[in-house]
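Peer 1: Note that the protein sequences, when read in sequence, are chains A and B.
Counting from 1, one number per residue, gives the positions in the first sequence under full-length UniProt numbering.
Counting from 1, one number per residue, gives the positions in the second sequence under full-length UniProt numbering.
Don't read these hints as lab results, they were simulated from the structure.
There's no promise every hint is true.
If you anchor each label on the Cβ, the simulated ranges turn out as follows [as the list claims (entries may be wrong)]:
{"id": "1", "chain 1": "A", "residue 1": "GLY80", "chain 2": "B", "residue 2": "GLY282", "range": "30 to 36 angstroms"}
{"id": "2", "chain 1": "B", "residue 1": "ARG79", "chain 2": "A", "residue 2": "GLU51", "range": "49 to 55 angstroms"}
{"id": "3", "chain 1": "B", "residue 1": "ASN317", "chain 2": "A", "residue 2": "GLY80", "range": "21 to 27 angstroms"}
Source: prediction; values computed, not measured.
We put the CB at the ideal spot given by N, CA and C, even for glycine.
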Amino acid sequence: MHLTLEFGGGLELLLEKSTKVHKVDVPPKDGEGKVTVSGLLSWVKSNLIKERPEMFLKGDSVRPGVLVLINDCDWEICGGLDAELEEKDVVIFISTLHGG
Amino acid sequence: MDGGGGGRGRTETIMREIERLRAEREELDRRIRLLESQLRVGGAPLPPSLPAEAEATGLQLQPAAAAGLTVDMINRYTRHLLLPDFGIEGQRKLSQSSILLVGAGALGSPVAMYLAASGVGCLGIVDADQVQIGNLHRQVIHIEAYIGQPKVKSAAAACRAINSSIKVFEYHITLNPSNALDIVRQYDIVIDTTDNLPSRYMISDCCVLMNKPLISGAAVGLEGQLTVYHHNGSPCYRCIVPNPPPPATSQSYSDNGILGALPGVIGCLQALEAIKVASAVGEPLCGRMLLFDALSSHIRIDKIHGSLPSCKVCGKNPVFTKEDFGKFDYESFTQSSMSKKSKKLSLSNLLPENARVSCTHYKRLLDIGRPHLLLDVRPAHHFQIASIAHSINIPLPELEEKLPLLRDSMRRVAAADEPLLGSNRRQTQHCPLYVICRRGDDSQVAVHILRENGFLFASDVAGGLESWAKEVDPSFPLY
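Just need the whole structure built from these sequences, with the hints factored in.
Peer 2: Take a look at the structure:
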């Protein structure tokens, strides 16, 4: 499944060359025809995160302070970890900032 | 009955209706003036009673005066009044509103200036810091003449210089759970432009308890974020970030940098949102979050969830009381500090004592000309700002892959010292290697890595370049 992933608020620093936008092809899990946010997180962990995964993930989910937005909408509105992604979806992972 | 015809009768009816409405309007104005005077007696800050002034000058029959604006105000805010969506009513509401700005820094600068210029009735500014030279590239409200003085004093003077008709109150303190309720109580709207996590939680909780809308903005590096909390069903900060992020993930200007104009953009947007909320014009950024990426010039506005029914502060059955608030330890909750000085925990116990030397000790070795290598493990762009003359730079994340390079450099030092013996592995390992960084944390991590990789004589220069500047070379630029 073709997805556009964007990382911001400092999360991009955990990726190769600190690239913010990634156009990726995420395969569905074996035996399932779909890609969920949960599946995407483990794919990102094994394929994109280069260092300190604990700065991005905690347990099965994102760490506190990371917002997940699917097509410009809060993932909590879309179904959280179980939200099913569709072809060409844009998923944003952004760390909340508190500098001023 | 009047034989003059229905047309004249209708005109009279309309004239009577106009007179009746005018009388009704005057009566309403009178009641508003009465209520305002009661508020003043109560000691609450309030903008000048404009209808009363207008009456004194005999202007009360002018439509504008009746809506609450003096001639001076009309002159000053003409371009606001010409906006059909804002107009006299928007300006009147703004001039009667009171707004509390927490933080007179990079975001707070444009907020304060625009609110003052726009004619907010009363502006409170909270900040415990003093103006420093390194603030001026982004904190545009402050000027060189105020360096060393409280930011609130500088900001308030600037606001008064822009607009002497508004009230400005200064709070030269850190907002904390024991003073926040009493201060926030006196204002209609709160704007959070602080630079730390515990303050973010504290201000949000306080706004929910006092039922005030919160305009929250943040910026670090080249990105900014903005939303309006606790207004029109929007969430509070805890609904969005129920558990604090780990301290290691927290970014700050002093570590990550900030492009001066970026907080200017976010601060202007905060001022705009505050004006919209104060004047009840337009749709504030409620339940939406604006994300700004300066590098790519991307602005996205994303939908975020509303107030969570389960939120313990703003939810359906809130359990968090004012009493809880007063006792809540926001610094231990977030494991970070509200004030700048103690933000970073030191790693002082990572290395054994024999693996560390003080800056003055290192200076003595330098003075007697003992051969050694000084390794600076800061990021390359830090190294370019300033460095100790003879040091070499290998940024910490690259250290392990560049160990061969380091061995070569040390071989050269050893060879230069004892050319007859040439270089060999044993010598290389015994060539003293000192490691320095900005504050003395990364250098300890580096020494740990080096010792594990056979560099047994690697030592940390304790306290880093900050200590070097304090103890040895005051001309070394601290950044």
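Peer 1: Next, verify each hint and record whether it holds.
Peer 2: Verification of the hints:
The supplied range of 30 to 36 angstroms is met by A:GLY80 and B:GLY282, whose beta-carbon atoms lie about 32 angstroms from each other. One distance hint, 49 to 55 angstroms for the beta-carbon pair B:ARG79 and A:GLU51, holds here, with the actual separation near 52 angstroms. Roughly 22 angstroms separates the CB atoms of B:ASN317 and A:GLY80, a value that falls within the hinted 21 to 27 angstroms.
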